[in-house]
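Taken in sequence, the protein lines are chains A and B.
Letter 25 of the first sequence, counting from 1, is numbered 25 in my numbering, and no numbers are missing.
Letter 117 of the second sequence, counting from 1, is numbered 1117 in my numbering, and no numbers are missing.
Bear in mind the hints are in silico, worked out from the structure with no lab data behind them.
For glycine and all other residues, C-beta sits at the position ideal for the given N, C-alpha and C.
Errors might be hidden in some of the hints.
Subject to a maximum C-alpha distance of 30 Å in a straight line, what follows is the list of computed DSS-like cross-link-like pairs (lysine-lysine) [said to hold, decoys possible]:
hint, chain 1, residue 1, chain 2, residue 2
1, B, Lys1047, B, Lys1006
2, B, Lys1006, A, Lys70
3, A, Lys60, B, Lys1047
4, A, Lys53, B, Lys1050
5, A, Lys85, A, Lys60
6, A, Lys53, B, Lys1047
7, A, Lys60, B, Lys1050
Covered by chain B, according to a simulated footprint, are these stretches of chain A (three or more residues, beta-carbon under 8 Å) [unchecked claim]:
hint, stretch
8, 16-26
9, 49-55
The following label-pair restraints were derived from C-beta to C-beta distances [stated by the list, open to error]:
hint, chain 1, residue 1, chain 2, residue 2, range
10, B, Gly1174, A, Gln10, 56 to 64 Å
11, B, Val1094, A, Asn17, 16 to 24 Å
12, B, Glu1103, A, Gln10, 24 to 32 Å
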Amino acid sequence: MEELILQLKQEIINVLNLEDVAPGDIADDAPLFGEGLGLDSIDALELIVLMEKLYGIKLKDPAQGREIFKSIRVMATYIHANRTK
Amino acid sequence: MPYAVKKYSHVTDKQASVNGKPFPVAAAESGQFLTALYRSLKVDYPKFFKMDALSKLGFLASELILMDEQPRFTPREDVAIICFNRSSSLDTDVAYQATIQHEESYYPSPSAFVYTLPNIVTGEIAIRNKFFGETSFYVCRERDAQQMSQTVEQAFCDKHTRMALAAWVECFEGTCEAFMELVERR
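Next up, chain B with everything else stripped away, as it sits in the complex:
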């Protein structure tokens, strides 16, 4: 394998951990765990609140991994972001559809519409961290570790990529799970 895992994070709608160690999060109201995690991370990024759940999830998983990395926010072209999931952006697609479902209340929401693509997650992480490397988002039938690993390997086939954030980021009908790895070229 051309890369090694340096660090990993795991976030669900109930708990978060880094390298297998639980990350302490202040008590949250039902359905508000991601917001509670954001506050516990002490991140100042108001755009977080405008994101859909899928982007929030990916964003938080990346913050957990990158919070202690130095330097941060230095523009880099050698970091790739590769995400996978099963349900694409379906949650948000449904929410957007609701804004255009009825003729008598036809008010298409621009802020919902912008999140009706799953790869917005990779964009949010890239913008936040000034990563200008390759980004991609694969929608798969199942979570297939081998397929994911091969895809990440391919990202290292170019000469530029030194590091990658690789993640399963799935969010559908209130159930969320992100498993993200920071991998480095060997």
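The shape of chain A in the complex, shown without the other chains:
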């Protein structure tokens, strides 16, 4: 799980162009939206694409993202349980 969390942080930094952020700056349990990384709605859509592209997880209802993208740890747990690749 720790390896997946680290990989996820790196992928998020790359995909969302978080230029001045390092994996170590992202706390595992910090909120990704609002406070924390301060991601926006376009970032949320980009995370949905990332889930499908890298892990084969297709979120049918974008509203699911609200729960899944709560923090890196929640996201990693969901990926671990549902990934198809």
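We have chain A already, so just place chain B on it with the hints.
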């Protein structure tokens, strides 16, 4: 002419200047000049990194002009933003197309898609500076100074516009050029 040029900036993928005076930029890796310019301006605006090259270019040209203006970030309804170019947002259109080109890797990128309109540049500048005046972006066959000047003149036909950022902002296949003027009603 109903307006006078107060200040101007020029940015390419290799150099930047304000009122004809070169703006010092720390050495940049190939293709990274705009990012180096952003860092040299000491601007804290993480959204910059999410922009496409065209928006980065317009954003930086406006920062060079506005960095010493006071007050900044005060909401204004009397500032217009008028941009022109030749290639629209074609660079980003192509990048977006690449994300949907192949059925086996069909992953449309939302962050690329939002920049598949050239007038996003004017929006980025307006949001950053809290300018609520008229914004427009014209895609022209050629860079025609007279046509551009007439279009900017028209922006001053209303009673509200006191100032405008008027620019040629062109970016295609790695070659970028922005020439922006801050103009004021006489």
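Cross-check of the supplied hints:
1. Simply put, Lys1047 of chain B and Lys1006 of chain B have alpha-carbon atoms about 28 Å apart, close enough for the 30 Å limit, and the pair holds.
2. Taken as a hint, the Lys1006 of chain B and Lys70 of chain A pair is broken in the structure, with Cα atoms around 48 Å apart against an allowance of 30 Å.
3. Distance restraint check for Lys60 of chain A and Lys1047 of chain B: the Cα-Cα separation of roughly 28 Å lies within the 30 Å cut-off, and the hinted pair is therefore satisfied.
4. For a cut-off of 30 Å, the pair hint linking Lys53 of chain A to Lys1050 of chain B stands: about 20 Å separates their Cα positions.
5. Of the pairs offered as hints, the one joining Lys85 of chain A and Lys60 of chain A holds, with about 18 Å between alpha carbons and a cut-off of 30 Å not exceeded.
6. The straight-line distance between the Cα atoms of Lys53 of chain A and Lys1047 of chain B is roughly 24 Å, inside the 30 Å bound, and the hint therefore holds.
7. For the hint linking Lys60 of chain A to Lys1050 of chain B, the alpha-carbon distance of about 26 Å falls within 30 Å, and the restraint holds.
8. Note: the stretch 16-26 of chain A has 5 residues with beta-carbon separation from chain B under 8 Å; the three-residue rule is met and the coverage holds.
9. Requiring three or more residues with a Cβ within less than 8 Å of a Cβ of chain B, the coverage given for the stretch 49-55 of chain A holds, as 3 such residues are present.
10. Separation of Gly1174 of chain B from Gln10 of chain A is about 27 Å and departs from the stated range, judged on CB atoms against 56 to 64 Å.
11. Checked against the hint of 16 to 24 Å, the pair Val1094 of chain B and Asn17 of chain A passes, with Cβ atoms roughly 18 Å apart.
12. For Glu1103 of chain B and Gln10 of chain A, the hinted distance range of 24 to 32 Å is satisfied, since their beta carbons lie about 28 Å from each other.
When held up to the earlier numbered hints, the structure conflicts with 2 and 10 and fits the remainder.
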